[in-house]
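Could you build all of it, start to finish, from the sequences and the hints given here?
Residue numbers (the working numbering), protein chains in the order written: chain A, 1 to 495; chain B, 1001 to 1522.
No lab work stands behind these hints: they were computed from the structure. Keep in mind that a hint or two might mislead.
[To be verified] Calculated cross-link-like contacts (lysine to aspartate or glutamate; reagent style EDC-like; alpha-carbon spacing at most 16 angstroms): (1) B:Lys1251 x B:Asp1204; (2) B:Lys1414 x A:Asp130; (3) A:Lys369 x B:Asp1204.
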Amino acid sequence: MKHLSFLLVLAGLAAASVAAPAGKVDTSASESRQSEFYDRVEIPLPAGEVCEVSSIALMPGKKVAIGTRRGDVWIAEGAYDADLSKIKWTKFASNLHEPLGMFWKDGSIYAMQRPEFTRLTDKDGDGRADSFDTVCSKWGINGDYHEYAWGSEPDKNGDVWMVLCLTGSFHAHSPWRGWCARITPDGKFIPTASGIRSPGGIGANDKGDMFYTDNQGVWNGASALKWLRPGSFQGNPTGNKSAALLDFPAPPEPTSGSRILTERLKYPEFVPPSVILPHGIVGNSPSGIACDMTKGKFGPWESQMLVGEQTASQVQRINLEFVNGLYQGAVFHFLGGFEAGLIPVRMDQEDGTMFVGGSNRGWGSRGSKPFTFERVRFKGKVPFEMHDISARHDGFEVTFTHPVDAVAAADLKNYSMDTFTYIYQSSYGSPEVDQTTPTVKSATVSADGLKVRLVVDGLVRGHIHHLLLGDIKSKAGDTLWHNQGWYTLNEIPAK
Amino acid sequence: MRTSSLLALLASLVFVTAAEDGAQVYNSLCVACHGPDGKGLNGLPPFVGSDWPKGPAARSIKIVLNGLTGPVDVAGKTYNIDMPPQGAVLSDEKIAAALTYVRATFANGAGPVTADEVKAVRAATAKRTTPWTAEELLKAHPFPPTKSPLKHLVATVYEGKWKEMPDFSMLKPVLMEDFNVGIIDPAQSGRKEYYAVVWTAQFDASEEGKYLFTFDCDDFGSLYVGGERIAEVKGIGPLGKRSKEVPVMLKKGLTPLRVEYVQYGANAAVVLAVKGPKDKTPRALSNTKLKVVKEKVSIPIQPKDGVAAIYRNFIDNTTPRAIGIGFPNGLNIAYSADDVAAELFWNGKFMDGGHHWTDRGAGNEPPAGTNVIKLSDGQGILLEGAAGNVVRYGREKEGSEWKFFPVNVAAEFKGYDLDKAGNPTFRASGEGFAVSDAWVPEEVSGKATLTRTLKVTGDKPVVIVLARGLAVSGPTDGVAELAGGLLVRAISGPAPKANANDKSLTVTLKPGETAVLGYSYR
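Rendered as structure tokens:
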């Protein structure tokens, strides 16, 4: 038995390496095409200041506020303008404690600082905050640099959701580390979900469901976009002991060395990652989250999730769907070439401008500048892409952004699929394991040429299904900007 | 069937070994920190110019498998950033391929690493669950000794108790020996205490140019280069503060070098290092190595243009939710939002952001100034005869585990207001009452003073702890003196009272009452 599983693991490794060359991403090539579709511009920051952008808040009147890791809050006028040389920066507050998540509401800037959630108000109108109201500060901190607190924008009830990183990203040495909590407008602290490791951002989808990104490490074979269903367990049991503080039921104590599917079927409160971002293939450390609700102003990605990436200085694109009570979907490479490791991502839904900021202090990034603030706009030319991948009982349906060339799109040799998962374990990360290679049995192109229905033999529940497209062109002859996607198949839909 | 699938597996295994691409592994997992050119990105350690990727592969394999924690010296710089473990992520083959790539590309001369080597190290370290420290790794896998430029090293040993340098020409040696290792080591004397050694050698300069010699010893000695005394460490004392750095211009070839050294008592040590014209880092010529001290980045945070400065980060000797305020008159406080109390008082410089604002910013930072006084510990707002009913969460260590529990306190931090000069009014409240706590810098009779105004509103009297756990003298004529020389003067309102039991100074305010206090150093 032991031998057999060893062989299976080895077989898995073999399949991974076979797939690897195909899965290797030539980011430089895709980033060089980026300028056909998107305009990425660096926004000048206040001269001589160190602005490691850790938060972005959109304000009325086309003003944009940034928070920095050193704790300053600056407000820009002119960040939307064509001529960015005239941008005007005003310092609103100094030396807060590493704000990670900021928004504007009712005349105040709200900032999730490491020790507290704070309302910053300029009461005397001189342009600087003079009133700092502590809305909530119930969680524990103890001086460990990893005990970050990430805050969302308010949900429809006005509650702000926060995710609390573990101590050193491994331990729970302070109360509520490894938990998600909601903070009500009157400052109540409501622990909402357990099982968190090391978040990099938090944000809602178009339905108002809250998601966060969790980074590869202990109990996380790979990083993922995870759904914060109230009452859920997110997979890392380190912070479980805080449950006793409010007499909550004890969260699951899963078995290390298992698989997420096995464990989450044992524990109904265990919500599996909605979309796994294969480590080293789709970035290494996901960060900020924005949902595209621009109604096409940012491209044809309405309702999709855009996720920042620290190490690879990128933004990934995710389509979500809800199957059997769980979110799942596909991740695609999207934007790259940013100047530093990205942290916050904010979308102006009216205007269609996406703002990103970042820093590479302490953690390296492909973008080589120490800090950056940038904006991205859609140029109007829709790239030929997989718009989304959607699961079916016997395969997938791929929707494209332009009608496909029907001959190539019906040709089975233009589709290859492999699946894998990760070991769910208490050690750091995991190799890709349990690889399989399903067979794409048929590809049927819809009458309008926008959809291809793939019937696949060998779907594996719980696995990431990697779809690699071959020489598929649009009807107009365009080549694909990105030719692969990774679908996390938590659930296989019913017929 | 069974045989054929096994064969297929084996076939694919062969393929694995051949297919693992070290460059690909490197460029997807390692590149973000170590850089595409191996020179390290954004203040993270390089491979180029480093001894770490060279030599025994086991050292590198261990780092990849379990990670590295704590300070590590790489190419002459000290880094203190954790390397995450990759053993659970990467197969033996992938680790071997990546290390082979690193060694071939960035550490020329270092040979390939095989999957079998990785497998063997993985098996041997299977029980290891925590990252390695640099010290552990170098103990198990030291760097190879480099060829010393000290040729014909001879040690001449003398016995005696000298408190200053003797005239060696008048003394009779007890021992004279050649040391081909080219490394100066007091142990070569064969003695533990009360002796002297004169080392003579020819220093082999590889090229013409400036050579920077570093010399230090415990207890004292002199360094001669080219027949001339270039450095002297005088008197009895330890290594560290008396270290000398002297540049000498040398021609290519051999130059005579002489070290005279005296050990008075025990704890012998000599530090001799040289940095040649092309060296990036000093090379040790003694068994005791020069300590590479990381350049401390200083980012002074000071009040500017008459406006107080604020610092919200982890401040040493108060709680994690600390708020530092640096006033333009040179007085500073740290207010604990956890304890709703002003907990630290100091003068001079306010804070230095160099620690928290570089790298990952781990740990606490002490105040940058002087005369730091810890005013109190624990809750600063109390109710008479009641704990209060505001729930906070505390922690306590039990063995190696932290235990959490709810704590009832009287009041909770509610924020602060800043006036135009940046002066804070801290706010706290509990059930049925609120406390405001304002601080303003002033000059009173030529002395820098902070005037503190405490005000209580609501429906019950509140005890405010001004100091606790330190000696209080007085109050006499309205002035209490806190240990460390801080005077607290009652200006108006209810007078503070000293309590000998818990060495505290408190003031009790009824609703609507205001107490004004002046703080200054004696």
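Against the structure, the hints:
no., hint, in the structure
1, B:Lys1251 x B:Asp1204, "holds, 10 angstroms"
2, B:Lys1414 x A:Asp130, "holds, 14 angstroms"
3, A:Lys369 x B:Asp1204, "violated, 43 angstroms"
Checked against the numbered hints above, the structure breaks only hint 3 and satisfies the rest.
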